[in-house]
Amino acid sequence: MIEIINPAWMSIVVDGGRYGHADIGIPPSSALDMYAYAALCRLLGYSIGMPAIEVMGHDFSLKANIDISCAVTGARIAAFVDSAPVAPWTVFRIKAGSTFRAKEVTEGLRYYLGFSGIIDAERVAGSYTTNIECRFGGYSGRPFLKGDRIILRDVRDARERAVDGSLIPSMKAPHILKIIDGEERDRFSPETMRCLFEKDEDTWYKVSTKTNRTGIRLEGRPLEFRKEVEQSIISEGILPGVVQVPGDGQPIIVLCERTIGGYARIGHVARVDRDLLAHLKPLDKVRFQRVAAGEAERLWKEKIARYYDMLPE
Amino acid sequence: MKWTRYGEDGIRIVFGNAINADVHEKVRQYYFFLKSLDLREIIDIIPSFTTCIIYFNSRLTSFDALASFLREKEKELPAVQIPAPEMHAIPVMYGGQYGPDMEFVCSYAGLAADEVVEIHAGTIYTVFAIGFMPGFPYLGTLDRRLFVPRLETPRLKVNEGSVGIAQFQTGIYSFESPGGWRIIGKTDRRLFNYKEEPYSLMKIGDQVRFIPV
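Respectively, the protein sequence lines represent chains A and B. At position 296 of the first sequence (counting the first as 1) the number is 296 in this note's numbering, and the numbers step up by one without a gap. At position 114 of the second sequence (counting the first as 1) the number is 114 in this note's numbering, and the numbers step up by one without a gap.
Hints in this document: simulated from the structure, not taken from any laboratory. All C-beta atoms, glycine included, are put in the ideal place defined by N, C-alpha and C. Heads up, a few of these hints could be off.
[Stated by the list, open to error] Derived pair list, reagent style SDA-like, types lysine to any residue, alpha-carbon separation capped at 20 Å:
1) A/Lys172 x A/Glu257
2) B/Lys2 x A/Ile234
3) A/Lys210 x A/Leu283
4) B/Lys195 x A/Gly126
5) B/Lys2 x A/Gly182
6) B/Lys2 x A/Ala293
7) A/Lys210 x A/Ile234
8) B/Lys2 x A/Glu183
9) B/Lys157 x A/Glu191
10) A/Lys210 x A/Glu257
11) B/Lys2 x A/Arg185
12) B/Lys2 x A/Glu184
13) B/Lys157 x A/Thr211
14) B/Lys195 x A/Arg123
15) A/Lys199 x A/Pro174
16) A/Lys301 x B/Leu60
17) B/Lys195 x A/Tyr19
[Stated by the list, open to error] For each label pair, taking beta carbons as the anchor points, the in silico distance ranges come out as:
18) B/Ala121 x A/Leu283: 21 to 29 Å
19) B/Arg144 x A/Trp9: 40 to 48 Å
20) B/Glu25 x A/Ile5: 51 to 59 Å
Construct the complete structure from the given sequences, taking the supplied hints into account.
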């Protein structure tokens, strides 16, 4: 058993996502950095689908009452088991009675924690991940609170090993997001479309403090619609990474908690940059780079070969 | 039908650009056709008013490969079995504490509360889509006399079961959530139960009638 001493800003149970039910409005709610989540599964010897903990914020801590192996991936953190530092993206041991603490997040935003035992979590529609808004899945459908106890099933030994440093991507701001043209891009003024991809630092966007797991709100020069065009659309299906623009012209990057949207779509974040979205934190600078769908596909294949396929077996 | 790539790993099929029963029937037929194929390359399908979005697994297929496979298969489309729509009678408590925007709707539409109820409950609606949250039905189309704009600033909290209207549509909040529709009533019927299948009370194409209680 493991006890949450401090859940930090927010910590929840996640997995590879709840798919196959978007037709009745069930969103994926998956781990936002799927690469870090995949690395965690590999380090601990599980296949994709095992429940893990996604943490946001510093000072997360837990206490183990059994000897167990643990791994952390995702954002770079200064972490300790009691007073001994823990290297990033590694498997390490926690002895019964010891405390794990993530003191500080030094790069990125969300980090992932897993154990050499399966977190006992609620499985809904094929997934353990937490749908916070609807309060189902994961740990009683909610983020962890101080004093929560996590039961681990099928505890076993995990080899101490690490993901090579060259396989840990940069999560540093400013972020450059590659986007593919969106369905309503012609509804924006030519001036806006030009500015959107300008490299001039004055036109970069800033991540809003009103950002959450549903979407990343950006703040900056408002994107202007052409005169006399309809600004909203007939609601339809949306996928993670869609960049929507409401009437106020401030773009929102949709994450994994919505299946239908009604705002104009200026673009789609390319798959190759989707894991990075997990690490956009308030006040980070963001700019966009236009990419064709075919090129995005090639970059994604490159990322699979360069990163995903190189993770330890 | 218009096919386009939707971002990187999506396909968008557009069946028309107006909200009406004919267009939606095509969406619905195509949705059940896609479901009947039961392809492992397809992760999710999102049917709505005028389009069907397919989310595909780019590790197993590509846009070109999947699109051409589906176009080939379309010959079988007319033979697809489509489940008959169900009719759902939804009891609603209108106005008062259950419908905080009833007063606004009355004054905007120039109608008395009982007229709003009569008009809202006097139409049989079609479920055009289910989303943005699990089990939330987008119902249409609303009688023109009840067309009202969304709230300028959405509420941070709309209660579960709230019945709202916005422009040409009406809907029922399946969970407590933020929301910008004008709330005129509330139902006790549960629209989504994650504990057993079918999780959603409604599916696209179903019919809904509101019963004032």
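Hint numbers contradicted by this structure:
The structure breaks hints 1, 7, 9 and 18; every other hint is satisfied.
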